[in-house]
Amino acid sequence: MAGFIGKEITDFTVQAYHKGTFETVTKESVLGHWSVFFFYPADFTFVCPTELGDLADFYEEFREIGCEIYSVSEDTHFVHKAWADASETIGKIKYPMLADPAGRLASFFDVLAEEEGQAVRGTFIVNPEGKIRAYEIHDMGIGRNAQELLRKVQAAQYVEEHGDQVCPAKWKPGEETLTPSLDLVGIL
Amino acid sequence: MIDCNQFEGTSPLLDEKLQGELKGIFGKMETAVTLKAVVDMEEEKSREMALFLKTAASLSDLLTLELYTPLEAEALEFDTEYLPATGLYKDGIYSGVSFHGVPGGREINSFVLAIYNLSGPGQEIGRGLVKKIQKIKKPANIKVCVSLACHHCPAVVAASQRIAILNPLVKAQMLDANLYPALVERYGITRVPFVILNDETTFTGPRTIEELTGMLG
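Here the protein sequences line up with chains A and B, keeping their order.
Taken in order, the first sequence gives residues 739 to 926; the numbers are from the numbering used here.
Taken in order, the second sequence gives residues 49 to 265; the numbers are from the numbering used here.
By construction, these hints were calculated from the structure, which means they are not laboratory data.
A quick note: this is a predicted structure, and the numbers were derived from the prediction, not measured.
Among these hints, one or two may not hold up.
As the list claims (entries may be wrong) - Simulated restraints, written as ranges between beta carbons of each label pair:
id, chain 1, residue 1, chain 2, residue 2, range
1, B, Gly57, A, Asp795, 44 to 52 Å
2, A, Ile925, B, Ile141, 41 to 49 Å
3, A, Asp749, B, Gly236, 36 to 44 Å
4, A, Ser825, B, Glu90, 52 to 60 Å
5, B, Gly57, A, Leu922, 24 to 32 Å
6, B, Thr112, A, Glu799, 50 to 58 Å
7, B, Glu129, A, Glu914, 48 to 56 Å
8, B, Asn246, A, Glu914, 57 to 65 Å
9, A, Asp795, B, Gly265, 48 to 56 Å
What the hints assert, rightly or not - Heads up, incomplete: computed chain A residues facing chain B, CB under 10 Å, no partners named:
id, residue
10, Ala894
11, Tyr896
12, Glu898
13, Cys905
14, Pro906
15, Glu913
16, Thr917
17, Pro918
18, Ser919
19, Leu920
20, Asp921
Glycine is no exception: its CB is placed at the ideal position from the N, C-alpha and C atoms.
Using the sequences plus the hints, can you model the full thing?
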């Protein structure tokens with residue numbers, strides 16, 4: 739498998755801020771269901787609340803398909819709480835906000851910008867067995883889209899169940915006919 | 049019938065290089081094949097299909113094109129609910145193979161294979177499998193819903209159409225589902241290839257010609 743695809747997540751133990759309380763999240767916590775690890779640079783910044791708020795808006799849909807969201811930054815769980823208390827957007831978040839101040843999770847997922855001590859915008863879709871099935875990493879200024887992420891989780895779940903012998907049917911009415919691609923080598 | 053000569057020029061989907069490749073393949077044809085297409089001249093996709101077929105047919109003396117209006121479609125043996133539709137004929141007899149939508153993208157491959165297999169020499173196929181296909185006793189209809197970008201689809205289309213060519217009781221249709229949203233909605237199609245067997249049973253994903261044969265009575 740190339741890159742992170744198929745890699746099993748490392749053992750970890752971190753603190754999290756979740757719906758008003760602090761809790762411990764470990765590797766065992768995330769096994770048995772689909773998970774999204776959503777890294778972002780820092781609390782109390784500008785692009786991040788937009789992304790996290792976008793995720794919060796789609797959270798119920800992720801839950802309906804058996805997927806938990808774990809946002810992760812290098813801030814402590816105390817800072818997460820302070821941010822949630824100070825920001826209406828962050829305050830509405832119902833998914834666990836993981837704290838990774840030691841940088842272990844970010845290092846494992848190779849999204850740690852060591853000089854800044856922050857994580858870049860990396861998103862990792864992990865299956866119930868703890869294996870990474872899809873990921874994307876964006877530069878700092880490029881925000882992500884929760885609806886697109888939801889589609890990817892659904893696609894990953896479909897492939898997990900049905901194998902990779904199918905193609906998604908993303909049709910757009912009025913689309914131009916695709917240029918023919920002839921490939922009959924070895925068939926005729 | 050519609051006069052094919054009203055379509056000037058060649059299809060932009062078939063550039064010179066591709067035309068050259070198709071000419072080479074069609075040069076192996078053994079018997080004449082007629083493409084009978086039902087097109088609605090008010091619709092862009094139909095006009096595109098007509099020009100595509102005209103260009104393809106120009107690449108071989110053994111390929112002929114006949115264009116029909118929807119009103120004339122009743123006289124034809126293939127399904128004309130999903131337009132534009134093209135049925136393949138040999139010696140004036142419908143082969144059981146039809147394409148619904150322009151066979152662009154990856155489906156150019158199944159289009160070429162259908163012509164090659166109908167006209168001869170055809171792809172190699174084991175005698176045992178030919179006998180099994182010819183022993184199919186119940187009429188069957190195989191609709192393969194595709195996306196033109198899907199690389200898994202042409203093999204299923206070609207396999208189902210080869211069965212249709214070998215057994216007159218079987219009809220095999222390629223449908224570019226992008227053109228038929230009502231069909232997509234009726235069957236809840238989200239992945240392709242999506243196969244509809246006798247308008248009842250459905251399944252997704254590739255199947256070999258052996259597997260498809262085994263599903264038919």
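Outcome of range test on Cβ distance (serine 825 of chain A, glutamate 90 of chain B; 52 to 60 Å): 56 Å, holds
Cβ separation of glycine 57 of chain B and aspartate 795 of chain A, checked against the hinted range 44 to 52 Å: The hinted range 44 to 52 Å holds for glycine 57 of chain B and aspartate 795 of chain A, with Cβ atoms some 50 Å apart.
Chain B contact restraint on glutamate 913 of chain A - CB to CB distance below 10 Å: 6 Å, holds
Hint status (Cβ of serine 919 of chain A to nearest Cβ of chain B, threshold 10 Å): 6 Å, holds
Beta-carbon spacing of glutamate 129 of chain B to glutamate 914 of chain A - inside the hinted bounds 48 to 56 Å or not: With Cβ atoms ~24 Å apart, the hint is violated.
Status of the proline 906 of chain A interface restraint (C-beta, 10 Å, chain B): Since the shortest Cβ distance to chain B is 6 Å, the answer is holds.
Interface hint status, threonine 917 of chain A versus chain B (Cβ within 10 Å): Hint on threonine 917 of chain A: holds, closest Cβ of chain B at ~6 Å, below 10 Å.
Chain B contact restraint on glutamate 898 of chain A - CB to CB distance below 10 Å: 13 Å, violated
Outcome for the supplied range 36 to 44 Å, where the beta carbon pair is aspartate 749 of chain A and glycine 236 of chain B: Once the Cβ atoms are compared, 41 Å apart, the range 36 to 44 Å for glycine 236 of chain B and aspartate 749 of chain A holds.
Isoleucine 141 of chain B and isoleucine 925 of chain A - C-beta distance against the hinted 41 to 49 Å: About 26 Å separates the Cβ atoms of isoleucine 925 of chain A and isoleucine 141 of chain B, which means 41 to 49 Å is violated.
Outcome for the supplied range 48 to 56 Å, where the beta carbon pair is aspartate 795 of chain A and glycine 265 of chain B: 51 Å, holds
Evaluation of the interface hint that places alanine 894 of chain A against chain B, nearest CB under 10 Å: 13 Å, violated
In terms of the numbered hints stated before, the structure departs from hints 2, 7, 8, 10, 12, listed from lowest to highest.
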